[in-house]
Amino acid sequence: MLLSVASNARPITGPWPQAFPAKDLCSNCGLCRSATGVTSVTEACAFIGDGMARAERLEEPVHGRARRFDAAADDLDEAHFGVHEEIVLARGFLNNAQWTGVATGIALAWLERAEVDAVVVTGAQAAGSGFGAPKPVLCRSAEE
Numbered sequence: 048m049l050l051s052v053a054s055n056a057r058p059i060t061g062p063w064p065q066a067f068p069a070k071d072l073c074s075n076c077g078l079c080r081s082a083t084g085v086t087s088v089t090e091a092c093a094f095i096g097d098g099m100a101r102a103e104r105l106e107e108p109v110h111g112r113a114r115r116f117d118a119a120a121d122d123l124d125e126a127h128f129g130v131h132e133e134i135v136l137a138r139g140f141l142n143n144a145q146w147t148g149v150a151t152g153i154a155l156a157w158l159e160r161a162e163v164d165a166v167v168v169t170g171a172q173a174a175g176s177g178f179g180a181p182k183p184v185l186c187r188s189a190e191e
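FYI, the numbering for the sequence shown is 48 to 191, going by this note's numbering.
Don't read these hints as lab results, they were simulated from the structure.
Yeah, the Cβ is synthetic: ideal placement off N, Cα and C, and Gly gets one too.
Wrong hints could be hidden among the right ones.
[What the hints assert, rightly or not] Quick list of the computed label-pair ranges, beta carbon to beta carbon:
| id | residue 1 | residue 2 | range |
| --- | --- | --- | --- |
| 1 | S87 | V167 | 18 to 26 angstroms |
| 2 | E190 | L123 | 36 to 44 angstroms |
| 3 | G96 | A118 | 24 to 32 angstroms |
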């Protein structure tokens, strides 16, 4: 079943979005707080400048097709989300997750079933600004 969340879209609220270059579109990925991001955020962030236009130009070479959408049929999912097979709404319930833990839950399931040898996740280290600085963590087990 394909679920569209386009009608429920809303910016992330709170004090932090305004502190970053993408403002209300910021997903708090941590790029602009990293040493690399500080110098390249305007080229790397999809929400600044022509970032999304660059992504659209890559869709056909990467996915083998361009976006399909029918405005007359009110089917605009690919216009909003790009080329995809299926979009599902999921909710996780992991404590200390950045959002709800969906991505972490998927990574844990892969590790537990030995479908992958390791996953790289984003942890946080304390920062003086009150925002945790991103810290990559290589996890080879659920405990890590």
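Here's how the hints hold up against the structure:
In this structure the supplied range 18 to 26 angstroms holds for S87 paired with V167, their Cβ-Cβ distance being about 19 angstroms. Distance hint check for E190 and L123: the Cβ-Cβ separation is about 43 angstroms, which falls inside the suggested range of 36 to 44 angstroms. Between G96 and A118 the Cβ separation comes to about 26 angstroms, which falls inside the hinted range of 24 to 32 angstroms.
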